[in-house]
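> Sequence:
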Amino acid sequence: MATILGCIADDFTGATDLAGLLARSGVRVSLRIDVPSEPPSDTAAFEIIALKSRTAPVSKAVAKTRAALKWLRAAGAQRFFWKYCSTFDSTSEGNIGPVAEALMADLGTDQTIYCPAFPENGRAVFMGNLFVGRQPLAESPMKDHPLTPMRDSNLARLLQPQVTRPVGLVDRLAVARGVKSLRSALAELKAQGVAHVVVDAIANADLNVIAEACRDMPLMTGGSAVAMPLPSLYLADGILSRDASQAAVPRIGEGIVVLSGSCSAMTNKQVADYTARGAPAFRLDPLDLAENGPQSALEWLAGQDLSRAPILYATDEPSGVKAAQEKLGAAQAGETVEQALAVCAVAARDAGARRFVVAGGETSGSVAKALGVSRLDIGVEIAPGVPWTFCRSGGHRIALTLKSGNFGAETFFTDARAKLKSA
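So in the numbering used here, spot 305 of the sequence shown is number 305, and the numbers just go up one at a time.
If you're looking for bench data, these hints aren't it; they were derived computationally from the structure.
Please note that the accuracy of each hint is not assured.
[Unchecked claim] Taking lysine-lysine and the DSS-like style, the derived pairs with C-alpha atoms no more than 25 Å apart in a straight line are:
{"no.": "1", "residue 1": "Lys327", "residue 2": "Lys143"}
{"no.": "2", "residue 1": "Lys269", "residue 2": "Lys419"}
{"no.": "3", "residue 1": "Lys70", "residue 2": "Lys369"}
{"no.": "4", "residue 1": "Lys269", "residue 2": "Lys143"}
{"no.": "5", "residue 1": "Lys180", "residue 2": "Lys190"}
{"no.": "6", "residue 1": "Lys369", "residue 2": "Lys60"}
{"no.": "7", "residue 1": "Lys322", "residue 2": "Lys269"}
{"no.": "8", "residue 1": "Lys421", "residue 2": "Lys269"}
{"no.": "9", "residue 1": "Lys60", "residue 2": "Lys70"}
{"no.": "10", "residue 1": "Lys369", "residue 2": "Lys143"}
[To be verified] Each pair of labels, with its calculated beta carbon distance range:
{"no.": "11", "residue 1": "Leu287", "residue 2": "Ala2", "range": "46 to 54 Å"}
{"no.": "12", "residue 1": "Ser37", "residue 2": "Asp305", "range": "36 to 44 Å"}
{"no.": "13", "residue 1": "Gly394", "residue 2": "Val179", "range": "28 to 36 Å"}
{"no.": "14", "residue 1": "Gly372", "residue 2": "Trp300", "range": "20 to 28 Å"}
For glycine and all other residues, C-beta sits at the position ideal for the given N, C-alpha and C.
Please model the entire structure based on the sequences and the hints provided.
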């Protein structure tokens, strides 16, 4: 069928986050890993292309995103969504603004919105400032992110150095007055030449207002939650059919492995909870990996009973991450861990694992590519924004969940196992 909404995400966990929320509509969602090399075929109403561009050089991120847009337009999409993290992971030299401007130029539109709010996961935007729970972004654990340390909570200040045109704000007071108020505020800013508009949202009701007011924009940008109301709006508009097909849940083997490269505060808690429950565990040390490679991890994995869902993790506290980065460099430390976990994923698959739980955006990208995954169909949600997905790897049907570091409850790894059994 023709694609209704074409989405581009700047990392793999962000793509599955968006896919999970859109799939709540009951309509089929298809997620492509990187820009397909073949022309569109067997497309879904909602197509998402996952890129590994969040921390890529700006020129590479822009080129990749433009290629994704071209493919989605060929699939029939006329509305587009640029998805980035709900913590707006991007330094002043980052990619969110340049990519948005490139998409706007290609689509011939002169205004778009930015709304990373995700109330279900504790992300809110108020007076242009992003909050993580009750903490301003720059006071949250995100201030110590190893690749995109977030040292300012004000989205307009974060965005302005990245773009060439003015940045403005529609605050919560205007959003709370409803759709007409928001449309009026956007029109007024457009008349003033403001191309980039941060929009406040603190609750799902705000997201409903924003989606309804902006659904006809050629381009919307934000976290996944602001796109969540779009399927029902498209159904009401008659551009989406209620009989659009939904992917069937395939039969999947039982062997399972957990791979965690994220060093977020929540993933640290999740690893601690999982290992405290008695899960077989192997900790990867970036310094040891850099010197000796992943052989010891592979030998440990080869001796594991995969029905017990062993975990391999490099998750660490900020002090440990900093120490590794000081010796190896930030980029090298991260890549060393990502590649080791990717090698372990392939070894686990070849040993019979058919269910993979992966934590961390960069890790998820490396693991998905190593497994040769090109397309994912979306299944049941484990936590808000984190679904199980189904795909093929090495000739096998596998289930794969790609978790953003900060998402999920402390029991996430245990929850993931239980949720797939009940699907």
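> Hint check: Lys269 vs Lys419, CA-CA at most 25 Å. Holds or violated?
With a Cα-Cα distance of about 20 Å, the restraint between Lys269 and Lys419 holds, given a limit of 25 Å.
> Is the hinted pair Lys327 and Lys143 satisfied, with a Cα-Cα distance of at most 25 Å?
holds, 21 Å
> Between Gly394 and Val179, does the C-beta distance stay in 28 to 36 Å?
violated, 49 Å
> Would you mind confirming whether the straight-line C-alpha gap from Lys369 to Lys60 stays at or under 25 Å?
Judged against 25 Å, a Cα distance of about 18 Å means the pair holds.
> With a cut-off of 25 Å on the C-alpha distance, tell me whether Lys60 and Lys70 pass.
Answer holds: Lys60 to Lys70 is near 16 Å, not above 25 Å.
> That 46 to 54 Å hint for Leu287 and Ala2 (C-beta), does it hold up?
holds, 51 Å
> Taking only the CA atoms, is the gap from Lys322 to Lys269 under or equal to 25 Å?
This hinted pair holds, its Cα atoms lying about 19 Å apart.
> Compare the distance between the alpha carbons of Lys369 and Lys143 with 25 Å, and conclude whether the hinted pair is satisfied.
violated, 29 Å
> Looking only at beta-carbon atoms, does the pair Gly372, Trp300 fall within the given range of 20 to 28 Å?
holds, 24 Å
> Measuring from beta carbon to beta carbon, are Ser37 and Asp305 in 36 to 44 Å?
holds, 38 Å
> Sort out whether Lys269 lies within 25 Å of Lys421, counting only the CA atoms.
holds, 24 Å
> Is Lys70 within 25 Å of Lys369, Cα to Cα?
Since the Cα atoms of Lys70 and Lys369 sit roughly 22 Å apart, the hinted pair holds (cutoff 25 Å).
Of the hints listed earlier, those the structure fails to meet are numbers 10, 13, in rising order.
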